[in-house]
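Model the full assembly from the supplied sequences, consistent with the hints where possible.
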Amino acid sequence: MIILQALVNGIVSGTLLAVPAIGFTAMFAVLRFPNFSVSGVATLGAFAGYLAYGVGLQMAGSLVVAFAVAGVAGLAFDKLAHLPLIKQGALPAAIASIATGIILENVVRLGFGNAPRGYDRPIARDVFLGDIRVSPQQLETMGLALLLMLLVFAALAFTRIGKAMRASADNPELAALKGIRPERIATLASFVGMGLVGVGGMLLGLDSSIDPLTGTRILLSLFAAAVLGGLGSVPGAVLGAFLIGMAEELSVLVVGSQYRAAVGFIAILVVLTLRPRGLLGERAY
Amino acid sequence: MTNIRIGRRAALAAGVAALASPAVVRAQADPIKLATLTPLTGAGGPYGPVMAKAAASVVEEVNKAGGVLGRRIVLVSEDDQTNPEAAVRAARKLIDVDKVAAIMGTWASSVTTAVAPLCWESKTFLCTVSGADSITLLPHQGFLIRTQPNSKLQVTRVGEFILSLGAKKAFTMIPQTPFTQSTFDILNQVLPKGGCAHQSLIYDDKKTTYRTEVDQALRTSPDVILANGYTPDTVVLLKDLYRAGFKGKILGFAYSINQKLVDQVGQPEVVEGVYNFAPASAEGSSAFEKAKAASGSANPDPYTCQVYDHINLVLMAIASAKAATGEAIKENIRKATMSGGKVVDNAVDGLKEIAAGGKVDYAGASGPCDFDEKGDILDCKFRYEQIKAGKFTLVKIA
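Chains as they are written, first to last, in this note's numbering: chain W, 257 to 541; chain G, 121 to 518.
Any given hint might turn out to be false.
In the EDC-like style, the derived pairs of lysine to aspartate or glutamate whose C-alpha atoms are separated by at most 20 angstroms in a straight line are [what the hints assert, rightly or not]:
1. Lys367(G) with Asp387(W)
2. Lys516(G) with Glu409(G)
3. Lys380(G) with Asp387(W)
4. Lys501(G) with Glu403(G)
5. Lys367(G) with Asp382(W)
6. Lys153(G) with Glu451(G)
Selected chain W positions facing chain G (in silico; Cβ < 8 angstroms) [claimed, not checked]:
7. Asn265
8. Pro372
9. Arg389
10. Leu412
11. Thr415
12. Asn427
13. Asp467
Label-pair restraints from in silico Cβ distances [unchecked claim]:
14. Glu447(G) with Ile358(W): 45 to 53 angstroms
15. Ala410(W) with Pro166(G): 37 to 45 angstroms
16. Val515(G) with Gly310(W): 44 to 52 angstroms
17. Leu535(W) with Pro166(G): 49 to 57 angstroms
The hints are simulated quantities; they were obtained by calculation from the structure and are not laboratory data. Remember, predicted model here, so these are calculated numbers, not experimental data. Beta carbons are placed, not taken as given, at the ideal position from N, Cα and C, and that holds for glycine.
Shown next, in the form of structure tokens:
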């Protein structure tokens with residue numbers, strides 16, 4: 257029974273992890289470098305949402321603010337710091353993104369201090385479905401995350417811009433020949449990808465608390481989820497996030513949660529050794 | 121830099137005046153030098169200035185009453201900047217230039233760890249308020265005492281408090297820290313002796329939810345949970361314990377379960393009834409009242425009380441030894457507090473008793489100030505509080 261409960265807990269945390277993982281992998285698909293500044297951007301999104309929620313915006317409005325602030329900041333850093341370096345290869349851009357992540361983290365620290373803050377949401381007792389315990393709030397957060405994911409999938413599948421994005425990710429040269437402008441797609445990918453990361457930061461913070469290290473804490477799980485599913489694959493990121501979420505919770509039963517970080521590392525190691533392209537390969541969709 | 125220029129004539133005049141004055145005055149001009157090395161700036165900045173002030177007031181009182189061994193006391197105050205590197209420079213100056221016999225009040229464990237070797241090498245006595253267990257394990261040859269309870273004393277008292285709550289099954293949830301294993305070891309000794317089963321779990325303090333950890337803890341149906349983390353993770357943990365419907369008692373250290381935590385959880389019923397505890401000064405004791413006056417604070421913090429005790433102990437040790445060296449203080453500091461003699465709460469009374477040939481037993485503002493051979497205190501008071509309607513209320517000081 258405790259295993260079932262841990263699996264349910266894992267699905268909940270996997271859903272929350274999936275949102276920023278989609279953003280991360282979508283950016284990789286188009287821009288072709290792992291953008292580690294997601295740690296700082298997730299924190300920024302969480303704090304932007306916190307401020308918006310604090311001044312009385314409802315949940316949906318706060319999520320929009322988190323998305324917009326994180327998207328704009330992420331885009332600015334991409335344009336100013338990461339993309340100018342991409343001509344030298346993915347590695348310099350990735351390293352620069354670690355630096356910008358640290359900068360963002362410390363900007364938040366400068367403004368808000370180190371003390372953790374909590375969203376002013378009522379904390380409710382859990383409800384029991386049979387023997388399985390679920391939190392009504394987590395269900396709500398999970399619902400929001402699922403809704404977001406559906407929106408992303410719908411946009412990629414049915415809109416012109418979504419199709420252009422997929423085309424550009426699959427084969428940039430061919431897409432350019434067809435008149436798709438790569439810079440536009442890159443800008444869009446940066447904005448939307450980072451916006452999702454920001455929203456992810458806020459969703460993760462809703463049930464716990466946020467502080468300048470909120471994003472850094474999830475960075476490894478996020479990266480592991482994207483690698484596991486196949487870097488660049490949006491459905492892969494979702495699958496990877498669920499698997500990592502469940503593996504992390506199950507590992508608590510077996511080895512104790514102080515080894516949680518090892519789960520992410522082992523997942524990356526196994527995937528890179530046995531199936532370097534990830535579970536679903538690297539096709540964007 | 122400002123240069124102080126003393127004219128040749130002035131210097132000559134001063135020299136003649138000094139030689140011409142009676143021997144008593146010259147003896148007083150050869151004072152006993154002691155030092156406080158407290159964090160006047162940096163993370164310890166809120167504490168250091170008050171600590172230095174408390175020590176200075178004691179010295180002033182003793183000087184008014186005629187000093188020690190007929191000599192005046194000069195107390196030099198230096199700033200350790202809550203920084204080991206700055207502290208080493210300051211300590212070098214105190215030892216090499218001022219030639220002090222004792223340094224008191226080092227606050228951060230990193231500072232004390234850096235300064236201690238300079239002290240024992242130069243046979244300078246060191247009194248500290250730092251908490252890290254490793255400090256008294258340094259090869260200090262007796263040149264160090266610490267008035268802050270180490271983690272063994274703290275955890276033992278926690279265990280006793282858990283037993284006093286009537287616990288039959290206790291569960292400890294703790295992140296990985298240097299104290300984790302020793303906490304388990306001590307509780308595994310203390311709790312079963314009182315008829316309470318103990319189980320524990322180490323959690324990752326970077327997780328955003330502890331649902332599975334809470335499930336694991338609740339499977340053992342504990343009646344008391346010791347939430348032994350820091351504020352950010354304890355916030356998450358307490359919320360998850362509430363969500364899971366835990367009805368037993370929860371307790372934790374005051375450095376983590378504090379007003380900040382209550383504000384952050386934001387919902388009083390989540391933290392209702394949670395206990396916290398912290399090492400406490402000997403509030404209500406006569407020495408504590410004197411430390412209030414010395415520090416000019418209505419509610420002196422534990423470190424200020426401890427420095428008040430340092431200076432009193434060092435002065436009485438010098439009087440017992442009839443010598444003002446670090447070596448003499450080392451040999452005599454326990455005579456000032458563990459002799460079974462007359463109970464005193466300040467150096468002025470103690471010095472009179474010693475001068476009259478008696479023994480003194482100092483009862484301090486921070487506690488009884490009895491030390492084991494490593495320099496750790498044997499006992500002190502703890503303060504227990506409980507959250508009621510979002511406010512901390514005093515349960516007991518014991």
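For each hint, the structure was consulted:
1. Lys367(G) with Asp387(W): 18 angstroms, holds
2. Lys516(G) with Glu409(G): 19 angstroms, holds
3. Lys380(G) with Asp387(W): Violated - the C-alpha atoms of Asp387(W) and Lys380(G) are around 35 angstroms apart, more than 20 angstroms.
4. Lys501(G) with Glu403(G): Holds. Lys501(G) to Glu403(G) sits at ~9 angstroms (cutoff 20 angstroms).
5. Lys367(G) with Asp382(W): Answer holds: Lys367(G) to Asp382(W) is near 13 angstroms, not above 20 angstroms.
6. Lys153(G) with Glu451(G): The given pair, whose Cα atoms are some 18 angstroms apart, holds under the 20 angstroms limit.
7. Asn265: It holds, given that the least Cβ distance between Asn265(W) and chain G is near 4 angstroms, below 8 angstroms.
8. Pro372: 4 angstroms, holds
9. Arg389: Arg389(W) check passes; min Cβ-Cβ to chain G is 7 angstroms, inside 8 angstroms.
10. Leu412: 28 angstroms, violated
11. Thr415: At about 32 angstroms, which exceeds the 8 angstroms cut-off, the nearest Cβ of chain G leaves the hint on Thr415(W) violated.
12. Asn427: 38 angstroms, violated
13. Asp467: It holds, given that the least Cβ distance between Asp467(W) and chain G is near 6 angstroms, below 8 angstroms.
14. Glu447(G) with Ile358(W): 45 to 53 angstroms: 50 angstroms, holds
15. Ala410(W) with Pro166(G): 37 to 45 angstroms: About 55 angstroms separates the Cβ atoms of Ala410(W) and Pro166(G), which means 37 to 45 angstroms is violated.
16. Val515(G) with Gly310(W): 44 to 52 angstroms: At 34 angstroms between Cβs, range violated.
17. Leu535(W) with Pro166(G): 49 to 57 angstroms: With a Cβ separation near 53 angstroms, Leu535(W) and Pro166(G) satisfy 49 to 57 angstroms, so the hint holds.
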